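My request is simple: use the sequences and hints to build the entire structure.
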Amino acid sequence: MKRSLANWLDSGAPWVWINAGAVTLCLAMVFALLLLLGVKGLGHFWPRPVLQATYLAAEPPATIIGELAASETIAAGELNPVAPEEDQDEIERQLLKLGNRDITGSNFAWVFTGLLEDVSFPAELAVLERREWGNLYGYLDGLRQAGAAVLPAGASDGTGEARWSELHVRLDRARDLRREIERIERSIIADINFGMERLRLEERRLALAGGDSAGALRENARQREAFDAQYAEIRLRLLELNRQIQRDTALFRIADGSVVEIPVADIVRAYRPNAMGWAESLGMYFERLMEFLSGNPREANTEGGLLPALYGTAMMVMLMSVIVTPLGVVAGVYLSEYAPRGWLTRIIRVSVNNLAGVPSIVYGMFGLGFFIYLAGGEIDRLFYAESLPAPTFGTPGLLWASLTLALLTLPVVIVATEEGLGNVPASLREASLALGATQFETLWRVVLPLARPSMLTGLILAVARAAGEVAPLMLVGVVKLAPSLPLDTQFPYLHLEQQFMHLGYHVFDLATQSPNVEAAMPQAFATAFLLVAVVTALNLSAVVLRGRLRERYRAMDTGAWV
Amino acid sequence: MNAGVKRKRQNESAANGGAAGKRKPKAKRARQRLLRYAARRRLWDRAARAVVSIGGLGIISSILLIFFYLVYEVLPLFGGADAGDAEILPQVVAGEAVWLEADSGAGVALRVDEQGLASFFDLNTGNLLDTEALAAPSGAALTAMARDSAGSGLFAAGFDDGSVVVAGWDAAPEAGSIAPRLEYPLGPRSLAVLDGRAVSAVGLRSVQGGISIAAVGDDGPVALLEQTFDSGPPGLPALPRTGAENRRREFFVGNIQPENILLPQDPRWMLLLTATGELNLLAIGAGNQAEIVDAASLVPTSGSLGEVRLLAGGMSLIAADHSGRVTQWFIVVEDGRASMEPVREFALFDSAIAALDGERGRRVFAAVSASGEIALVNVTAETVSFPGQWDSPGVRAAALAPAGDLLLLEDVAGSLASWRIDNPHPEFSLSALWSETWYENYPEPALVWQTTAADDALEPKYSLAPLTFGTLKAALYAMLFAAPLAICAAVFTGYFMPPGARRQIKPLIELMEALPTVVIGFLAGLWLAPLVDANLMALALGALLLPLGVLLASLAMARLPERLDLEWREGWQALALAPVLLLAGALAWLLAPSVEELLFAGGLKDWLLQRWGLDYVSRNALIVGAAMGFAVIPAIYSIADDAIFTVPRHLSNGALAIGANRWQTLSWLILPAAAPGILSALMIGFGRAIGETMIVLMATGNTPIMDANLFEGMRSLAANLAIEIPESEVGSSHYRILFFASLVLLLFTFVINSAAELVRQRQRRKYRMI
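These protein sequence lines map, in sequence, to chains C and L.
With the numbering used here applied, the first sequence has no gaps in its numbers, which climb one by one up to 1015 at the end.
With the numbering used here applied, the second sequence has no gaps in its numbers, which climb one by one up to 867 at the end.
Each hint should be verified, as a subset may be incorrect.
DMTMM-like cross-link-like pairs, simulated, lysine to aspartate or glutamate; straight-line CA separation at most 25 Å [to be verified]:
#1 C:933 - C:971
#2 L:863 - C:872
#3 C:933 - L:824
#4 L:702 - C:525
Please keep in mind that the hints were generated in silico from the structure rather than gathered at the bench.
It should be emphasised that the depicted structure is a prediction, and the values quoted were computed from it without experimental measurement.
Structure, rendered in structure tokens:
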């Protein structure tokens, strides 16, 4: 035994195994992280059962209703104040999402599992997702139309069901009305505001320019009157719509037995999770997933969707790609094909390579100081003097963010382009030159087409990096909540100077700047998962592309030309 | 060569053209077309070369512009103070000035003479704009004056009937026109601070919602009058509301006869300076109690005491003497004992200091020697500059504008000289950035980063040391976590794993690099930190059990019968270990409570605190180390794996052939050969960790403390940039110091990456030779 142990040590097997363990641990960490994000991020949309129970720790024991959010087991000693059951070392407690924040003031509560009695999951228990104040849990007790009861309350079970479907009819009506209101606000009122702002700026410009402008001012005043008249008309229409949407209210009996009246217009979604079957739950899951992907955020970003963040990220990345691709390719071609071979070029190459390792926050500082304050300030002085002192380009915005990230990812594209050009077999190049093609023709017709996939790989990697980068963006353009999308129907359609929302910053904001962290966590996980999914997909496609490319070059080099 | 070819072709075409031109005009045209085409191709080629070269160089230099831009933002920090040309004005008003103030914005100066007559004059033309007598009680003579230690611009004038008037002035009360006048925040009335005795010294302090006036006569107690307002900020526009309350107290200070009273911003103290230069620190109690707790002599060993002032912020006292030195003093409270301490000494001139005045926002003062030399000093950073000199018979009064952008001097002949001063960044000096500095309210010199954009009264503290410490601490703990894991993993995939398996595994580990750091930071701060907080013991146990489990598995495999295929053991151990790791982790989880009970009496954190004095903060260096380690593993792993994998195979084959086993070959041959590559991998990983922002930002509390404790937080340079730059004023010292920090980051990572690249290239060259 002793000898074999010595043999075992001599053979180095333990060290090999330790190394293997490191690989396993690394892989385990990657998978655990992806799994965690996936479960927490995607699970968020699944409707959870709502429990009703009597909680004995309350004085007097009270009925509570809520969704189970988390549970943990803790040592009794760590509890402060002292645990209710002294004889136990460990206590299980659960975090319940109680909702009803407007009524009770708090949204979540830790309760001791042992002190919950008569736990049940009543089928009639309804969950309301509301536009404000988060969820409400309770029983539908009645419906009112303009103050008068619609269906008599307190009737048999049949009426309960009828009431529930009646609620949905009214929800649909309110949703249609809201859509109409939003359409008016978003298009017509925005048009009017935009026109008014244009008039104001024009007057300011005229004032700055001096000279006779009475005619132009008269024309402006006329237009302004037209806008005012249009606005007055729209306002009446909006008032009418708002009156209509407020028509219906629903009565809900909540945990403490009291009945609250909720305007139907404030309800985003109403469902009874305990009564839902598997298929219904799945339907609800996808409905909520769709809202997440295509809706606007609600409740300080903690609920609703993240369309503006997705949109902002995509816009920024696209703009960045448009900037970085030609620049990176030209610089890469220069370094690989035209630069004189010498120590200077070598230094430049190493420097460019190293710039990829410079902290991204440094690029952010550069963007803030150089692009925004220096270039943006100058642009404002020259072209937007009429809106000063309010800055137009002299403030963080989409253009500067894209430029900063283009600069940040430029080394990635340059290096990828150079690598791609260097990998093209010399035989092809020589063949082309031997046939009398000029250097440019060889480059354009032979080398670049072959190197195109590797440039694409570089671009994908750049996009992946840009999509996940947050630190520089915090300085040069992202905001918690952007009032409008950077691309819309207002001239000049693409608003380069506007601030935008970004998925990565959304995660940061939800995780650190949210007033109610527990309420924000599910949304943060979902956003993080989406971000990771996008970035991972981009990276994997780059890996696959690169692998395929390598095969092709190998084939070319061995002469197996296909 | 091109030209030669061209000429030859031209000759050929000329010859051919001449011969065939008549016969075949069609062919000639075709040939000409061909020639034109060739010329166009050459033109294209040359144009492309030019465009790509210029474009490429332009793009590359624009990236390198980052470096030059940062330098451009930082450079102004290193410039000292500059003074423009002196504007000399002949005597405007006769008599000696007891009070001189300048308003640089409006270009107006105020001068009060011994009779209490205030005259306003234009600084550019020397025209007398207005004269106005201080609202003195009738028949009373001006005997003492003092400025507000809070820097509001108010001053107090004491008279020989024991009354005090609080006044200020405004150069342009109505916008658009310069019509300077005196203003009285308490109304144009005198306050009877001393009862009938002539005021020999007076002190003034304005605070939020109140004004305190201290006065003393030739003998008798020191009187302190506190006039409280209902609300309203201190300063000129604030008038006391109705119902303002005033409280008068008297303190007997024995045989001390103050010649000068200074009221520091902290209302617990009063400073009494006697004619002999003795400074007494009076601690003021709740009622009429007050006690001299310390006395110090401001008189230097050689020379005698000159002017004494409170600096901006009202905490530091500066005393000039007649040997050209200025000494800074402030109150230091240590172990409940207060004392006046000489903090810094500036030896400015060879001759006596004739006049002294301070700015109102920054800790900057101007000192003027009798021979007219001017010095501008920031006490915190100890920056001294000598922007100019006035050749005059002797300076007797100096006034520095509140923002420090104008200096006005009066000489014994009554003529005046003013300078525009450009002193943008006196708070910056390289030594103050890195070395211990003694700040106001601190018992001893310390390294502190505390910028106070909101409050001028607090001394800004720019020491990059805590931030640098935090950066290095985070990076080192990250490396402690990442380096062993990444290198071990690289050794395994680079050497032991079959290339086929390596191709599958490597991209998976490299995928970690793609994960946005904001997600890692989020998970670290909001998921890992509470988890570790609750399960510290399980983590510690896991760190022990995981390698143990791996070793046990290895032993078990070694005892396995030989007939099991060796192939899969050579490289697929990683897969076999997954259940082992899971098992070890689960075991750690299960055992943790009992082990904690057994060894640490139920509380590992309590034990750490009691046994080692280690405080546990939830978002700490352990969390950052793990999270950032996770983020830098792929960078280290990828390069180290390449370095090991590219060691030529025949080296290894040779060693194996002469009987070494795989592990011996690795440790004696492969690793030494790959060492430079591994070193460069570590350097790149370290550089990455230094500059990482989001993880540190989200996974720590971001408190700039210097504590190497694994369980305490930190603030890194990069995170500090993200936190502070959006709120810093463009062009301010704070802004530029943040740019300095980013330049430091840039240079550090650039140097470390370049060194890594150099090492790597050298290794590559070596292999090529083998």
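**Asked** For which of the previously enumerated hints does the structure constitute a violation, in increasing order of number?
**Response** none
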